[in-house]
Every structure is written in C-alpha cells, then in structure tokens.
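> Below are the chains, spelled out letter by letter.
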Amino acid sequence: MSTKISTTKNYLLEFKGWAQGRIPTDPDPSNDPRGVSGYTFALPGEPDLDRIIYFQQKDGVIQRSHCPVVAVYVSGGYEFVTQGQGGDVEFVNKTPIVDGHPLYKAKVDLLDNATFDSRNSTLIYNGFGIVNPYTLSIEGKELSVSRRFYADSKNEQDNLENYNINTLTPYMMNTVVPNSLEAILGTDVLDRTAFRNERLKLLQKDLAVLREQEIKHPNDKPVLVQIAALEKRIAELKMNDPVNRRTNQIGTQVLINYPLNATTAWVNNKKIMPPAQWPTMLWMGGWDADALGFSVNGFVQIILDE
Amino acid sequence: MEKTTIKSREELIYALCEAAEIEHGLTCVYLFAAFSMKNMLDEGIDEIQQDKIRNWKSVITRVARQEMEHLGLVCNMLNAIGGPLHFNRPNFPQSKDYYQTAVDMALSKFSLNTMASFMAFEKPDITPFDNYGLNLGQIVPTPIVIHNGHTVQELYEAILNGFIYLDGKIELFIGDKAAQVNDDDITVGFGNKEFGITMVKVTNLDTAKAAIKEIIEQGEGVILKGDAVDDDNKELTKLYEDFDVQMNTLNVPVIAENNWPDAVVQVITISKKIKVLLERSLPYIRQYPKNQAVINQALSVIIPSVGELEKIGQEKYSPDKAEKANELRAAINNAALNDAEGAILYEIVVEKECHYLKFWDLYQGLKNELSKNPHFEPSRNVADNPMLRRHEDTMNSKNVNIVEYEYTRNVLELFNAGYETMVDILIIFFANDGITADERTLFMNTAFFPFMTMFIRPVGEILTMLPIAPDKEKPMNALRAGGSFEYYINTALMPRTKKEWVYLGERLQELAVLSKALQVPAEDLRKYLPESGYRFLQEQMKFLYTNVNRIWENFSLGMNLKK
Chain A
1 MSTKISTTKN YLLEFKGWAQ GRIPTDPDPS NDPRGVSGYT FALPGEPDLD RIIYFQQKDG
61 VIQRSHCPVV AVYVSGGYEF VTQGQGGDVE FVNKTPIVDG HPLYKAKVDL LDNATFDSRN
121 STLIYNGFGI VNPYTLSIEG KELSVSRRFY ADSKNEQDNL ENYNINTLTP YMMNTVVPNS
181 LEAILGTDVL DRTAFRNERL KLLQKDLAVL REQEIKHPND KPVLVQIAAL EKRIAELKMN
241 DPVNRRTNQI GTQVLINYPL NATTAWVNNK KIMPPAQWPT MLWMGGWDAD ALGFSVNGFV
301 QIILDE
Chain B
1 MEKTTIKSRE ELIYALCEAA EIEHGLTCVY LFAAFSMKNM LDEGIDEIQQ DKIRNWKSVI
61 TRVARQEMEH LGLVCNMLNA IGGPLHFNRP NFPQSKDYYQ TAVDMALSKF SLNTMASFMA
121 FEKPDITPFD NYGLNLGQIV PTPIVIHNGH TVQELYEAIL NGFIYLDGKI ELFIGDKAAQ
181 VNDDDITVGF GNKEFGITMV KVTNLDTAKA AIKEIIEQGE GVILKGDAVD DDNKELTKLY
241 EDFDVQMNTL NVPVIAENNW PDAVVQVITI SKKIKVLLER SLPYIRQYPK NQAVINQALS
301 VIIPSVGELE KIGQEKYSPD KAEKANELRA AINNAALNDA EGAILYEIVV EKECHYLKFW
361 DLYQGLKNEL SKNPHFEPSR NVADNPMLRR HEDTMNSKNV NIVEYEYTRN VLELFNAGYE
421 TMVDILIIFF ANDGITADER TLFMNTAFFP FMTMFIRPVG EILTMLPIAP DKEKPMNALR
481 AGGSFEYYIN TALMPRTKKE WVYLGERLQE LAVLSKALQV PAEDLRKYLP ESGYRFLQEQ
541 MKFLYTNVNR IWENFSLGMN LKK
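Line order of the protein sequences matches chains A and B. Read in this note's numbering, the first sequence has 137 at position 137, and its numbers run on one by one without any break. Read in this note's numbering, the second sequence has 253 at position 253, and its numbers run on one by one without any break.
Please note that a few of the clues may not be correct.
Think about it this way: if two alpha-carbon atoms lie no more than 25 Å apart in a straight line, the pair counts; the simulated DSS-like pairs of lysine-lysine are [unchecked claim]:
id: 1; chain 1: B; residue 1: Lys311; chain 2: A; residue 2: Lys232
id: 2; chain 1: A; residue 1: Lys238; chain 2: B; residue 2: Lys52
id: 3; chain 1: A; residue 1: Lys201; chain 2: B; residue 2: Lys52
id: 4; chain 1: A; residue 1: Lys232; chain 2: B; residue 2: Lys372
id: 5; chain 1: B; residue 1: Lys516; chain 2: A; residue 2: Lys238
id: 6; chain 1: A; residue 1: Lys232; chain 2: B; residue 2: Lys527
id: 7; chain 1: B; residue 1: Lys352; chain 2: A; residue 2: Lys221
id: 8; chain 1: A; residue 1: Lys238; chain 2: B; residue 2: Lys290
id: 9; chain 1: B; residue 1: Lys352; chain 2: A; residue 2: Lys232
id: 10; chain 1: A; residue 1: Lys232; chain 2: B; residue 2: Lys516
id: 11; chain 1: B; residue 1: Lys372; chain 2: A; residue 2: Lys221
id: 12; chain 1: B; residue 1: Lys52; chain 2: A; residue 2: Lys221
id: 13; chain 1: B; residue 1: Lys311; chain 2: B; residue 2: Lys275
id: 14; chain 1: B; residue 1: Lys372; chain 2: A; residue 2: Lys216
id: 15; chain 1: B; residue 1: Lys213; chain 2: B; residue 2: Lys290
id: 16; chain 1: A; residue 1: Lys205; chain 2: B; residue 2: Lys516
id: 17; chain 1: A; residue 1: Lys216; chain 2: B; residue 2: Lys52
id: 18; chain 1: B; residue 1: Lys527; chain 2: B; residue 2: Lys516
Honestly, the hints are just simulated from the structure, not real lab data.
Next comes chain A alone, as it looks inside the complex:
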C-alpha cells in the first residue's frame, strides 16, 4: 500500500515591534471614553479611548512625544518545504529570512479593529483580556497572507456574546506573567523607575518651552491644550513607585496562543483553504502606560500546499 507524501510550503516568521492600545484601566468601566479612575487616559486634544490594538500606523493611532512609533514587522525566520507526515517529516530548501528576503521587514498586523478586553470579568476573568477578533496579517513584497482564529473552529460566524465565560476560558484566556525576564529583556527596560523618570525629564523640558510660549501668547488655545496634556502625563509619570501599576506593569508579559484556525485564509488576495492550522504565539509586554503602547514579540508558521 502506498502512502501519499504530503508536501507543504512553510514560512516560519518571527516578528516584533511596538503596538498601541488606548485602553481604559481598572477600576474604570472597560469602555470608559476618557479614563477616570484607572491609570490610562485620553489626553486633552486626543480622541476618546477606543480599545483597539494597533500593530501598524493607521487612523486611530495617537503618537505621543518621546514614545516609540507603532510598527510590527517580520524580523527573521525561515522559509522551507516539508515532505512527509507525523514523525517522518523532511525539511527541504530551508532558507533564512534575513535582510534581502522579500518577507524581511514585512508588515504584521491585527485586522478588523481587534480589541483587548476582559470587560471587568464579564467576558473573561479580569486581567486576562481577550484579543478579539484575532486575524493576523503579514504583508510582504511578494506574499501577503491573513487568517483568523475562532474560539470555536466549527462555527466560523462566532460572536463572543454566544459563549459564556466557562466556554471562552479554555480557548481564549491568556497567560499573564508578572515581572517577566523575557519582557524586561525584550523591551530593554531593565530599570522601570529610571525609564519613567527619563521620560518625565524630557516632558518637563518640553513643558518649560511651552510655558514660555504661553507667556508670549497667553490665549493661544492649542498651546494651552498641549500644556494641559503634558501636565497630565507629568503628573502620572511622577507616580513612579516600583509597586505602582504604572511602573510595575512594564515588566508584565501577556502570552497569547491562538492558532489561526479559520478554514480559509487569504493569500495574495486569493481565498484558499490551507492544509493545516497555522500555529502562532505572541507576547505583549513592556506596557508603557504613558505611551499607551507595548512591545510585541512572536511567531507564526504559515503552512500552504506546495
């Protein structure tokens, strides 16, 4: 009896970068528009908080001064072909994805306005937010793909409102690692208090400049709005006790392990049916409450029929 040899084209893509999430924090309601009692806020002149996770520059990203720029991109990995099944797999044509490869620096994005939310323990237990919808996209020079994760892969029209907390928990609850060495090393913030102090000093300098402008033009509304925004950031950065959430959560790592399991995927604008789920894992960490941003680091394995 002959066994059919399965041959697949694979891309194991490592990605990293800086993302933004303008998210209200406890004990505010999860959809609070400005932030009141938590430690994240929409500043004067900024639009309301939208809870959307941004991996790429687009409408809705709000760039604050002295903060990293939003961009998540492919940073490495391999392109290869596999032949065989189970424990008898042969890797063929393994090529590293480095500078010069069409996928190197490809944009990695979360589509469809994904939000990060636990809805204060109504959706899932507080602090273990869900990213929903979770559709990962990679857009390179010669290859663009996207595929979604569903909590229930048998029901691809799923709406989270149809699932109770017990059903969602095994599929979607994330792992939260406080004081994660990986997050600390990955974000290069070894001293969280010093990191915030450094930002504080920069903003204080900016404020001094704005104050001089205010003296010259006391009724210049845009300047006054900028001053109010800077004052709020400065006041928040001054709360810099190592146990304070503002400082402490820089070291927190949230692990998200949702396999891309939709029956179909988009490859170069064509809908296809991949031969298998696409494993993916990412972590978000280094939460910078002043920037409303965080580091992203992960991988995805794209598996296509050869």
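Given chain A, put chain B in place with the hints provided.
This is chain B only, laid out in the frame that chain A set:
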C-alpha cells in the same frame, strides 16, 4: 447635655450601625455628584475643562471607594463583636436632623455648594476625643444624643472609646474570625494600593483601633490618640480652635424683626473676631504659602461685609434689610468656612491626602475656574434627589423630584433594582457564613467587578443624560435625573440555603430582561440630547445589556442554576 461614653455591647453595635449608614449614604452621595459631571465636548466644555472635570471626578470616585472601604471596615467591627451587618439606610434626602450632622444627606450634582457640604461631612475635629453620647443605663438607646453638627470623626472617636471601655470588661470579641475580610479576600483591585483601599481584619482591640485609624486618617486626616496636630503648628492650632468656636456661633439666630438689631451686632462682633483670628493666622501659613492668598481673599470678603453690616445695623428694621443682613452673614460664613478654614487646616492636619482637604481642593479648583469663566458649568443639569417615588422615610422630605419621563423611569428602576441586588450580594460576601470558598469568590467576582464598575457607574452616568420629565418647550435644557439609590424594602441577610442563590439568580435575570428592553433608547430622546450624546446613549445601553446578561449568566453558571 452631659456627654457619656458607650458602655455596653448594644450601644457599641448601635453606634457602629449608625457609622455604617453614614458611610453607605456618603458613598451614594459622592457617587451621585461624580456621575453628574460632564465628559463630552459638545456639553459646552472645552478640552482643558474636560480634563479638569475628569481629574475632579477621579478624586470624588476615589473618595467614594474609600467610603466603601470604611463600610467594609465597619462590617468587620460589627462582625467582631457579634453584631449584625447593617446595610440599611434611609432613602434620600434626609435633613441634617436625622443624624444631627452639619448638613443634609442629599443627592445633588457637582457644584460649589455640594463640595461645601462634602467638606462639612469630612471636617476634622482637631480637639482630642470628643465623647459621643448615648444615654446611660438605657436598655434601648435613645437616638443619638450629641451636639448638633457633629462630624463623622466624632462618631468614630466615640466608637473607639466604646471599644476601649468594653475590652476586658466583657468578652467583647465574640465574632467568627473567619468572617473577617481583608485584602486577601478581595483580590479584585484591592491588591493594587493605588486604588487607595486597605481592609483590616478586626479581632481584638488593637485591630479595632487600626480599622478606626484607617477611617479617620483617610477621611479627616487626623491622627488619633490626641496627637491630632503637628507640634510645629501649636500656635496656629490654638488660633484655629478659637476660630472654630466663633464659627459655631456665627450662624445663629436668623436675623429677623424680633432680634433686630441685636442679632446684627452679634454677627458683627463675631465676624470681627474671625477677621482678627484669620489675620493672626497668616504668618503661620508656611508649608503651603499659596494658601495665604486664599485667606486674604476671604478677608477681602469679610471686611467689607462687616462694614456694610455696621451701616445696616444702624438703620431701622425692614424685611429687605434683614434679608441683606442675612446675605452678608452668609457671605462671611462662606469665605471663612469654605475658603479660610481649609487653608488653615492644610497646615494643621497630618494626613494631607484626606477627604476633607481633597474636597477643599476641588472647591478651590472649581471656584478658580468660575472666576475665569462665570458661565462654566462642570455638571449636567441634574435635579436634586431625583426619585422614582416617595418612600415611607421621605414622605415629608423637601426637595424631592419625582422622575416622570417614562424611559428615564425605567432606567432608574433598573438602577435601583441593580443597586439592591448588589447590596444583597455584598451582605452575603461580608457575612461569609455558611458559604463555600468558591461561592464567596463568585460573589466577589459579581459585586465588585463587574457590578460596581460595569453597572452602577455606567447606569448612574447614563441617568444624568436623561430628562426627568417631558419638556416640549426647551428639551435640551430639561432637568436631568440621576442614580437615586432607592431602597424599596429593608435589606438583610437572607437564609443561607440554595434558595437564596436562586433568588439572586432571578434578580439578575430580571435585570438582564429589563436592560434588554431598554437597549434601544426612546426615539424621542433625540430632542433632549445632541447627536453625539444620543449616539453615546445608544452604544451604552446596548453594551449594558450584553454585560448585565453576562453577569447573570456567569452567576448562574457558577452556582449551577438553571438558566
């Protein structure tokens, strides 16, 4: 009247129950004001004002959380001495006679007057241990016998004295230690110290003292044990004590025909003493020199007002002159009480983050904004005490506004039903009697987050956008409602059987059904709200339904109830 101390368990329970009522009531009063505050740019505020209002609101909600913490600490004290948990309280509004406090316990929007009344509730008493009296030797204590205008601090000092007196004389701490609640039992949020709350288990005199210390320091900023003030401020403290005495006599009696001109002369005499005391205080305002300007500003009101009173007092009585004289006295009182007093207390009290000073800061902040822009209005046009109905305990209360607009009535009904259900859950949580650890966790995961954050606050805020009554003439200017925290029946610990969970499941289901019916706001409301406001309302009501439905579902799942 002779002041006496608490000398029986019954009296101590009685006083603690009153403390629980006041803490509970203040939580509601503070939240009502916070919920009334604007947050959208099309509500007539600019970006800078929006930010200021947000920061003020954050202060009030933090204080309200600490009042809830105080209620929890009182629960621990009651539990410790075998007393019942007391979550009852009278409906709003109650006159100041009810608790014999300085001001009424009433619901009103954020304003200068409201901040002044909040300051009155939280005012520090810097003299050591003012005894709080209950009549001696009575089996059933008479209602609180205490001088008018007492502060919450005085009540706690009396409670502390009661603990000290009774400890050792009787077996005071007979409560189940397992029923005590501390930070470890409330894992939602309480571990985060920046939430500003800490729960202390009460099992003996030392821990009772620690609980009271926490309450007093947070509220009034005063350290117990008589060392209420910083030694560096002895001179200023002495001046303040004289000032406080004068202030207690400034407002009596009402100036009228029968006491003309003697009452005017009395006000002039007292006001002059106040003026001198404030002038002598000025050099001692050293830690916060900016506050000297506040005192000087108060003097700039007091001095000309006294001058005018001197002229009026020499004239013949007329109703207009009496009215004017009463107005001038009110101006002197406001300047001295709401401006100058806070500036002095800022120097004196030990805990600068206390509720009194926080409210004084808000008062000054709002006053400053109003001086720049007299048309600035930080809160929505919310009615005082907007109620679904009069209750047995508010039949004769003044300033009750019955809500008539149908959709608003339904949302208010939802709010009150949710509030009562939340209190029922809190009682079971704090009693911790006969429930499993998993059940207790489920109660915690229902009452704190999400019920307080995803139900009470959003619905309380939504209500301040909704009209209190139909207004065909000027719907945009219509008075608005607010969360009235009404009790229809007394709340109490229910029998600890599975049936109780069924009852709570039913209540939560009713909330889900009602919120579903309300998820599409009345079309007529478009006349009452700007477009963005109506859109926000639509989003909020839809979101509310999904969350209430999940709260019910999560509770039913946790308790294995049939859906």
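> Work down the list of hints and note, for each, if the structure agrees.
Results of checking the hints against the structure:
no., hint, in the structure
1, B:Lys311 x A:Lys232, "violated, 49 Å"
2, A:Lys238 x B:Lys52, "holds, 18 Å"
3, A:Lys201 x B:Lys52, "holds, 23 Å"
4, A:Lys232 x B:Lys372, "holds, 21 Å"
5, B:Lys516 x A:Lys238, "violated, 43 Å"
6, A:Lys232 x B:Lys527, "violated, 35 Å"
7, B:Lys352 x A:Lys221, "violated, 33 Å"
8, A:Lys238 x B:Lys290, "holds, 22 Å"
9, B:Lys352 x A:Lys232, "holds, 21 Å"
10, A:Lys232 x B:Lys516, "violated, 38 Å"
11, B:Lys372 x A:Lys221, "holds, 15 Å"
12, B:Lys52 x A:Lys221, "holds, 15 Å"
13, B:Lys311 x B:Lys275, "holds, 18 Å"
14, B:Lys372 x A:Lys216, "holds, 19 Å"
15, B:Lys213 x B:Lys290, "violated, 30 Å"
16, A:Lys205 x B:Lys516, "violated, 52 Å"
17, A:Lys216 x B:Lys52, "holds, 24 Å"
18, B:Lys527 x B:Lys516, "holds, 23 Å"
The structure fails hints 1, 5, 6, 7, 10, 15 and 16 (numbered hints given earlier, in ascending order).
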